[in-house]
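This is what each chain is made of:
There are 2 protein chains.
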Amino acid sequence: MQDMNQPNHDSALIVNEGIEQPPIVNPYIGNFYKKNRAKSLTADDYVEGILAGNITTLSQAITLVESNRHDHRVIAMEILERCQSHGKESMRIGITGVPGAGKSTFIEAFGGMVTSLGHKLAVLAIDPSSERSKGSILGDKTRMETLCTDPNAFIRPSPSGGSLGGVARKTRESIVLCEAAGFDVIFIETVGVGQSETTVHSMSDFFLLLMLAGAGDELQGIKRGIMEMSDLIAITKADGSNIDKATLARALYSNALHLFPPSESGWVPTAMTSSSVTKAGLKDILDKIEEYFAMAKSNGYYYKKRKEQSRFWMYETINEGLRDRFFDNEHIQSKLSRYEEDVMEGRLGSFAAAAELLDIYKKNI
Amino acid sequence: MQDMNQPNHDSALIVNEGIEQPPIVNPYIGNFYKKNRAKSLTADDYVEGILAGNITTLSQAITLVESNRHDHRVIAMEILERCQSHGKESMRIGITGVPGAGKSTFIEAFGGMVTSLGHKLAVLAIDPSSERSKGSILGDKTRMETLCTDPNAFIRPSPSGGSLGGVARKTRESIVLCEAAGFDVIFIETVGVGQSETTVHSMSDFFLLLMLAGAGDELQGIKRGIMEMSDLIAITKADGSNIDKATLARALYSNALHLFPPSESGWVPTAMTSSSVTKAGLKDILDKIEEYFAMAKSNGYYYKKRKEQSRFWMYETINEGLRDRFFDNEHIQSKLSRYEEDVMEGRLGSFAAAAELLDIYKKNI
Numbered sequence: 212m213q214d215m216n217q218p219n220h221d222s223a224l225i226v227n228e229g230i231e232q233p234p235i236v237n238p239y240i241g242n243f244y245k246k247n248r249a250k251s252l253t254a255d256d257y258v259e260g261i262l263a264g265n266i267t268t269l270s271q272a273i274t275l276v277e278s279n280r281h282d283h284r285v286i287a288m289e290i291l292e293r294c295q296s297h298g299k300e301s302m303r304i305g306i307t308g309v310p311g312a313g314k315s316t317f318i319e320a321f322g323g324m325v326t327s328l329g330h331k332l333a334v335l336a337i338d339p340s341s342e343r344s345k346g347s348i349l350g351d352k353t354r355m356e357t358l359c360t361d362p363n364a365f366i367r368p369s370p371s372g373g374s375l376g377g378v379a380r381k382t383r384e385s386i387v388l389c390e391a392a393g394f395d396v397i398f399i400e401t402v403g404v405g406q407s408e409t410t411v412h413s414m415s416d417f418f419l420l421l422m423l424a425g426a427g428d429e430l431q432g433i434k435r436g437i438m439e440m441s442d443l444i445a446i447t448k449a450d451g452s453n454i455d456k457a458t459l460a461r462a463l464y465s466n467a468l469h470l471f472p473p474s475e476s477g478w479v480p481t482a483m484t485s486s487s488v489t490k491a492g493l494k495d496i497l498d499k500i501e502e503y504f505a506m507a508k509s510n511g512y513y514y515k516k517r518k519e520q521s522r523f524w525m526y527e528t529i530n531e532g533l534r535d536r537f538f539d540n541e542h543i544q545s546k547l548s549r550y551e552e553d554v555m556e557g558r559l560g561s562f563a564a565a566a567e568l569l570d571i572y573k574k575n576i
Numbered sequence: 212m213q214d215m216n217q218p219n220h221d222s223a224l225i226v227n228e229g230i231e232q233p234p235i236v237n238p239y240i241g242n243f244y245k246k247n248r249a250k251s252l253t254a255d256d257y258v259e260g261i262l263a264g265n266i267t268t269l270s271q272a273i274t275l276v277e278s279n280r281h282d283h284r285v286i287a288m289e290i291l292e293r294c295q296s297h298g299k300e301s302m303r304i305g306i307t308g309v310p311g312a313g314k315s316t317f318i319e320a321f322g323g324m325v326t327s328l329g330h331k332l333a334v335l336a337i338d339p340s341s342e343r344s345k346g347s348i349l350g351d352k353t354r355m356e357t358l359c360t361d362p363n364a365f366i367r368p369s370p371s372g373g374s375l376g377g378v379a380r381k382t383r384e385s386i387v388l389c390e391a392a393g394f395d396v397i398f399i400e401t402v403g404v405g406q407s408e409t410t411v412h413s414m415s416d417f418f419l420l421l422m423l424a425g426a427g428d429e430l431q432g433i434k435r436g437i438m439e440m441s442d443l444i445a446i447t448k449a450d451g452s453n454i455d456k457a458t459l460a461r462a463l464y465s466n467a468l469h470l471f472p473p474s475e476s477g478w479v480p481t482a483m484t485s486s487s488v489t490k491a492g493l494k495d496i497l498d499k500i501e502e503y504f505a506m507a508k509s510n511g512y513y514y515k516k517r518k519e520q521s522r523f524w525m526y527e528t529i530n531e532g533l534r535d536r537f538f539d540n541e542h543i544q545s546k547l548s549r550y551e552e553d554v555m556e557g558r559l560g561s562f563a564a565a566a567e568l569l570d571i572y573k574k575n576i
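Residue numbers (our numbering), protein chains in the order written: chain A, 212 to 576; chain B, 212 to 576.
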């Protein structure tokens with residue numbers, strides 16, 4: 212085990228016995244790698260390290276929950292159960308944005324302010340398309356240079372590969388571990404495509420949408436329905452010659468938000484401006500977010516939503532488990548695409564096709 | 212069989228061998244009831260009658276697809292397969308609205324105009340909460356007096372009971388039958404609560420949202436995200452002293468709609484005003500809808516969306532089938548609520564609970 216007092220922020224290099232690792236390119240850690248391979252941590256080791264706030268152990272535990280190997284799942288479950296009860300008062304903030312809104316620079320600037328105020332911040336991500344080998348870690352690290360070296364920040368790139376459900380499970384479990392390690396503010400970032408925003412929404416307390424003044428083409432990059440899900444819209448890049456446009460956009464969005472159905476929390480979403488360069492507006496955004504948490508905690512919505520999310524994820528995991536077994540069945544796999552084609556071309560009804568496939572599955576379970 | 216040339220619009224009174232019926236209160240149809248009970252229609256009879264545009268047979272066939280009895284499902288599937296290829300160019304219009312927007316009167320007025328222009332209109336509904344015994348049919352009928360007696364309109368209340376998925380399946384199958392019977396415009400109405408709007412959205416080509424000027428409290432009645440799904444917002448009750456308010460609301464919503472992410476179809480949603488009393492604006496709304504269909508057909512989106520909806524419903528039905536089997540399992544039923552409670556109270560992780568329940572199911576399948 213490395214020196215426990217030295218936080219290791221390079222989670223890509225954290226290794227763990229038996230877990231598939233990205234190729235190690237740093238020749239200096241060869242020893243470390245070997246030493247760790249030889250030693251397998253027990254659940255007690257993990258829990259103890261996490262609760263002590265040890266970053267190395269936290270990273271290793273996240274690597275463990277990201278593994279799909281059965282023996283890893285067993286120990287991961289034990290760790291999660293024992294870490295479960297922490298993080299009851301944390302702020303889980305989902306963040307997405309239109310392409311070009313400068314999500315990474317915003318997180319860098321906003322996150323730096325959050326830690327400077329005494330919070331411990333974990334930045335997680337959900338990006339089903341990410342693959343470690345494609346260098347997304349390096350990308351994140353380069354774009355968040357200051358936050359990466361901030362002792363009160365922990366940045367973990369999106370778990371690689373797998374279905375959105377799989378990635379979501381890993382991220383949600385990572386939240387539990389981070390909170391047990393003392394991180395009280397969690398950013399859950401999404402790339403903003405397809406279903407990933409709704410997934411982030413289902414595991415965060417507050418949803419922040421980053422928009423650009425002028426919008427237009429950038430709006431193509433986000434899913435419809437996201438605006439109505441947002442608790443706060445931040446118009447980024449409100450600096451220099453862009454200030455007037457951003458202020459106008461802020462007014463437009465504020466007006467539009469008032470036309471939306473109210474959220475169940477009783478919160479009235481609003482629009483604000485910010486600049487990751489001048490830092491203008493960042494503190495106001497944090498104040499607004501803290502106002503939300505104060506309100507949602509006092510009216511009980513915060514706790515209610517957390518409970519509902521827990522239930523949601525139980526059912527979601529069951530459904531995903533059932534689907535996985537079905538679609539992994541070799542009889543289904545050999546016939547599915549033909550059925551799908553017949554349905555799409557109108558040769559076969561959707562319900563008839565489904566009924567036949569369910570029958571095939573039942574006979575070959 | 213009754214006289215085939217006399218359309219029978221009172222679908223509640225249509226009877227069919229072996230299918231559970233609402234109590235028959237009209238003493239004059241005693242004979243009819245008996246005669247039909249004795250005679251069971253074959254799939255050929257149904258298909259022939261439907262394709263000939265016979266309303267009585269259409270109603271009977273819908274009653275058949277609404278049945279969950281296995282032998283009914285078998286014959287229903289055959290009918291559906293043979294009716295499947297029709298309705299390729301129809302207009303399926305999903306309609307929802309805030310409470311108080313006057314959905315029924317709008318459908319009555321707008322539907323009357325649609326049929327007066329030579330269309331054949333079927334009005335279907337998705338309302339998982341409806342129950343026949345509670346008189347929802349009578350409710351609909353009373354609120355749509357003129358449309359009920361219109362020979363070119365066919366009104367069918369929401370199938371009763373069951374899960375949203377079950378109700379959705381029945382409505383989607385009813386669309387297929389109505390289109391095969393020559394109805395080229397289909398309204399699919401929803402009560403606007405919970406998930407039913409997204410369900411309607413997944414089976415319609417165009418989504419119309421009815422709103423009120425002033426909004427406010429009425430907005431509580433619709434789900435967030437619906438506005439961004441809408442292809443057209445109609446501000447109803449734009450008559451008398453309300454005209455100015457409605458015109459202002461139209462402008463506000465039009466501006467807000469421009470801030471939304473564009474829809475994949477290339478369509479730019481807009482807001483319009485209408486009055487079900489003076490009929491002002493109704494023709495403009497229809498023109499706008501037809502403009503959408505002309506565009507979506509020429510750029511291919513209409514056909515693409517239909518194909519995707521068919522695929523969606525195949526997968527959705529498979530997923531629902533898998534869920535039904537799981538949650539109907541007696542071992543799951545006896546343990547589920549305890550797990551759910553443990554998860555919601557934070558005593559057990561969502562994923563661990565799901566994994567345990569899936570294990571229990573696997574052992575007791």
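The set of hints was computed from the structure by calculation and includes no laboratory data.
It is possible that part of the hints are untrue.
Chain copies aren't distinguished; within one or between two, either way the pair holds.
Claimed, not checked - With a straight-line cut-off of 30 Å between C-alpha atoms, the simulated DSBU-like cross-links for lysine-lysine are:
| no. | residue 1 | residue 2 |
| --- | --- | --- |
| 1 | K499 | K574 |
| 2 | K546 | K456 |
| 3 | K573 | K456 |
| 4 | K456 | K515 |
| 5 | K518 | K546 |
| 6 | K494 | K508 |
| 7 | K546 | K299 |
Comparing the hints with the structure gives:
1. In this assembly of identical chains, the alpha carbons of K499 and K574 never lie at most 30 Å apart, being 56 Å within a copy and 50 Å across copies at closest.
2. In the homo-oligomer, the alpha carbons of K546 and K456 never lie at most 30 Å apart, since the shortest distance is 54 Å inside one protomer and 57 Å across protomers.
3. Taking CA atoms no more than 30 Å apart as the test, K573 paired with K456 passes in neither setting, with 60 Å inside one copy and 58 Å between copies.
4. Taking the shortest Cα distances, K456 and K515 never come within 30 Å of each other, neither inside one copy (38 Å) nor across copies (37 Å).
5. Taking the shortest alpha-carbon separations for K518 and K546, only the inter-copy value of 19 Å comes in at or below 30 Å, while the best intra-copy value is 40 Å.
6. Within a single copy, K494 and K508 get their C-alpha atoms as close as 21 Å, which meets the 30 Å cut-off; across copies the closest is 49 Å, which misses it.
7. In this assembly of identical chains, K546 and K299 lie within 30 Å of each other by CA distance solely across copies; the values are 26 Å between and 47 Å within a copy.
Violation of the numbered hints given earlier is confined to hints 1, 2, 3, 4; the remaining hints are satisfied by the structure.
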